[in-house]
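K.L.:
One-letter residues, chain by chain:
Number of protein chains: 2
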Amino acid sequence: MRVVRSEAREKAMAAKAASRELRRASTQAKNDALLAIADALGRSARALMEANALDLEAGRAAGLEHSLLARLELTPETLAAMADGVRGVAALPDPVGESFDARTLPNGLRVERRRAPLGVIGAIFEARPEVPTDIASLCVKSGNAVVLRGGKEAVNTNRALGRLMQETLADTSLPPGAVQMIETTDRSAVNELVKLDEYIDLLIPRGGAGLVRFVAAEASMPAITGGVGVCHAYADASALPHMAGEVVFNAKTQAPAKCNALDTLLVHAAAAPAVLGAVAERLLPAGVELRCDQRALALLGPSGGEQVKAASGEDFGMEFLDLVLAVRVVDSLDEALEHVARYGSGHSEAILTEDYGAAMRFVDEVDAAVVLVNASTRFNDGGQLGLGAEAAISTNKLHARGPMGLRELTSYKWVALGSGQVRA
Amino acid sequence: MRVVRSEAREKAMAAKAASRELRRASTQAKNDALLAIADALGRSARALMEANALDLEAGRAAGLEHSLLARLELTPETLAAMADGVRGVAALPDPVGESFDARTLPNGLRVERRRAPLGVIGAIFEARPEVPTDIASLCVKSGNAVVLRGGKEAVNTNRALGRLMQETLADTSLPPGAVQMIETTDRSAVNELVKLDEYIDLLIPRGGAGLVRFVAAEASMPAITGGVGVCHAYADASALPHMAGEVVFNAKTQAPAKCNALDTLLVHAAAAPAVLGAVAERLLPAGVELRCDQRALALLGPSGGEQVKAASGEDFGMEFLDLVLAVRVVDSLDEALEHVARYGSGHSEAILTEDYGAAMRFVDEVDAAVVLVNASTRFNDGGQLGLGAEAAISTNKLHARGPMGLRELTSYKWVALGSGQVRA
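Those sequence lines, one after another, are chains A and B. Take the first sequence: its position 57, counted from the start at 1, is 72 in my numbering, and no numbers get skipped. Take the second sequence: its position 265, counted from the start at 1, is 280 in my numbering, and no numbers get skipped.
Keep in mind that the hints were calculated from the coordinates and are not lab data. Nothing here was measured: the structure is a model prediction, and the numbers come from that model. Any given hint could be a false lead.
To be verified - One side of the interface only, derived from the structure: several residues of chain A facing chain B at Cβ under 10 Å:
(1) Val243
(2) Asp382
(3) Ala390
Every residue, glycine too, gets a C-beta built ideally from N, C-alpha and C.
Generate the whole structure from the sequences, applying the supplied hints.
P.N.:
Structural data, given as structure tokens:
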């Protein structure tokens with residue numbers, strides 16, 4: 016009797032089988048395979064763009080928004096950046112086998128913790144074409160097999176990328192099953208994937224708040240919660256107005272749709288006139304809407320024009336992902352800390368201050384993945400923080416916090432080398 | 016209007032409030048508080064033993080097994096060991112504030128990861144009286160508040176211990192709310208506790224497989240899966256029979272009810288006559304029952320007496336927690352690795368070998384928390400591996416693997432100290 020299995024289960028099983036071989040692949044073999052994938056992306060540019068054209072056509076026919084179509088498009092530049100990204104991962108140090116806490120116990124037993132792959136990583140993502148190769152290269156380099164599932168808008172592109180990666184791996188010494196792409200657009204595949212804890216060790220949702228909530232609620236395996244950043248900057252009484260203007264401008268406008276973009280500005284009353292003036296001077300010409308509490312409104316409203324509005328209660332604690340900033344005046348560092356504890360999502364929180372004690376208190380007391388002094392929240396990023404690349408940004412407290420690079424995609428095992436030691 | 020909250024919610028909220036203060040407590044303040052608790056245990060010995068006597072009396076009346084009553088009993092020796100355990104935790108280095116991966120980026124931003132408490136830890140445990148002070152001391156030292164919930168058999172003992180810890184903390188500079196003991200024996204409190212992810216950051220079940228499964232299935236916050244160890248030792252073709260006998264004897268008999276006790280012995284056919292002979296010589300006089308596959312039975316059966324039996328299929332993959340060992344003869348290292356991958360629970364796995372290549376393959380390919388060469392599985396223990404103490408043994412791959420000491424009860428945050436840096 017032949018068992019009929021769903022595509023999701025079939026591919027998760029194949030990934031699990033491949034992961035046992037991949038776990039012991041050498042760094043050289045993994046790098047060679049990644050460089051082969053990067054080369055194949057260049058060689059197959061035409062075929063990939065043809066597949067992508069089908070998605071763009073279907074997207075236009077379905078009336079997708081222009082911004083979504085733009086993100087979906089695979090240009091020669093995107094392709095070159097994807098190949099560079101894969102080569103960049105090949106160039107990063109291999110975390111697998113790294114030893115730490117090594118010591119020899121009094122009884123002569125040599126113990127250490129040794130970094131080891133997690134096994135199989137599942138990734139659910141939306142429509143960006145660069146995500147499959149980004150995540151697959153990080154997984155392969157860290158010795159993990161990966162099961163990818165992309166948004167239906169990119170089905171043709173993803174299928175072509177999945178096949179390209181598998182076919183390329185088949186010509187290397189790595190198991191081709193190490194990269195699996197679920198091709199069906201049937202939603203039930205996602206519902207099934209999140210329950211396959213028998214095969215998948217970690218699930219990474221790369222998408223909006225809805226996807227992250229779904230995975231957090233439904234996944235039976237550990238999952239990275241992240242992607243939702245309600246980020247604050249607090250300009251303390253001693254903040255330098257010019258610096259505040261520049262940092263807030265960068266944090267809000269450099270990439271407003273990213274999770275590390277600024278959402279709320281808190282300003283100490285003593286600094287509010289000067290700081291809000293400097294901030295408004297930078298943000299208003301950039302088209303940012305300021306949603307102000309009463310005290311901020313009193314300072315900004317008269318000269319601000321229609322971009323300055325009264326905040327509603329919901330504006331605090333909102334992730335805008337757009338050129339909107341909530342603004343509130345507070346009377347003390349404590350009030351700011353209280354606000355951040357209440358409304359923050361544990362993502363990226365900044366203080367602007369020249370006061371050493373205030374900086375130290377903010378760093379110690381704010382419970383977030385990244386806490387910054389006099390710097391933009393946009394630095395919560397694997398590339399910026401020196402990890403080379405990232406598979407996700409975690410707001411979990413367990414395992415990994417902030418950007419998840421290669422090391423954060425591994426576990427460790429204890430290794431104990433003895434000569435007959437027994438416990439007394 | 017007064018809101019009526021359950022005890023579990025009330026105490027989880029109080030722990031959360033205390034955790035914000037505890038997070039920034041100094042090492043000195045935490046150590047002073049732990050030493051005060053250790054002293055209080057000594058001073059209150061009589062009251063604690065009176066409370067314990069009520070539990071013992073109720074246990075006897077309810078017809079509890081002798082072994083359970085023995086574990087439940089608080090003797091002067093247990094109490095002294097508890098106080099020593101708390102003092103031992105005070106003497107361990109404080110993980111909070113430890114900085115790692117510190118570097119200055121090219122733009123001058125100083126970044127580092129800084130170890131920080133998780134927040135609130137929930138612990139559900141069974142009847143041993145030493146567990147509340149063990150876990151509470153590890154939590155407090157690592158800057159975490161803790162909500163404890165013990166087995167109903169120890170309700171009077173646990174209540175007395177919980178109050179003693181809170182009252183002692185009230186005389187220190189730490190928030191007394193840092194240690195919470197749920198006193199009701201109502202089962203619904205556990206059902207509620209595992210859903211309080213709003214307040215509890217990590218749940219640690221300390222008990223049998225039933226409790227661990229319940230927590231894994233029901234908890235809405237991250238939980239440590241562990242405690243269930245199906246542990247193997249594989250005696251390779253080159254294993255020294257005498258060493259194999261000693262290591263297997265220790266792994267099986269030194270503490271058979273612990274999760275790191277040996278469950279299955281695999282023996283290479285070439286070494287089977289000598290190794291099984293040496294093992295039987297040590298284990299049979301100790302009263303161990305050997306459940307053998309056919310080939311092992313052929314070797315051991317004739318002279319083994321009634322302690323040597325044929326294994327049923329279920330004996331492989333079974334955690335015995337008793338003086339029983341499953342035994343199987345295999346033809347190769349690959350067959351042994353296959354068996355361990357199939358039946359192991361990722362806890363503690365050992366190889367006995369004089370063959371360097373076999374040792375390296377076993378270490379690299381076995382996916383478990385602790386992998387040992389020529390040493391007893393009993394070394395999977397926080398004290399033994401140099402962590403000082405442990406709150407649990409994890410078979411999770413995420414966050415912490417193996418013994419969870421102080422560091423494993425923490426998270427980290429990224430700290431970035433700048434002077435106005437913005438992202439280009």
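K.L.:
Next step is simple, just say for each hint if it's right about the structure.
P.N.:
Hints, one by one, checked against the model:
| no. | hint | verdict |
| --- | --- | --- |
| 1 | Val243 | violated, 15 Å |
| 2 | Asp382 | holds, 7 Å |
| 3 | Ala390 | holds, 3 Å |
The structure does not agree with numbered hint 1 stated previously, though it agrees with all others.
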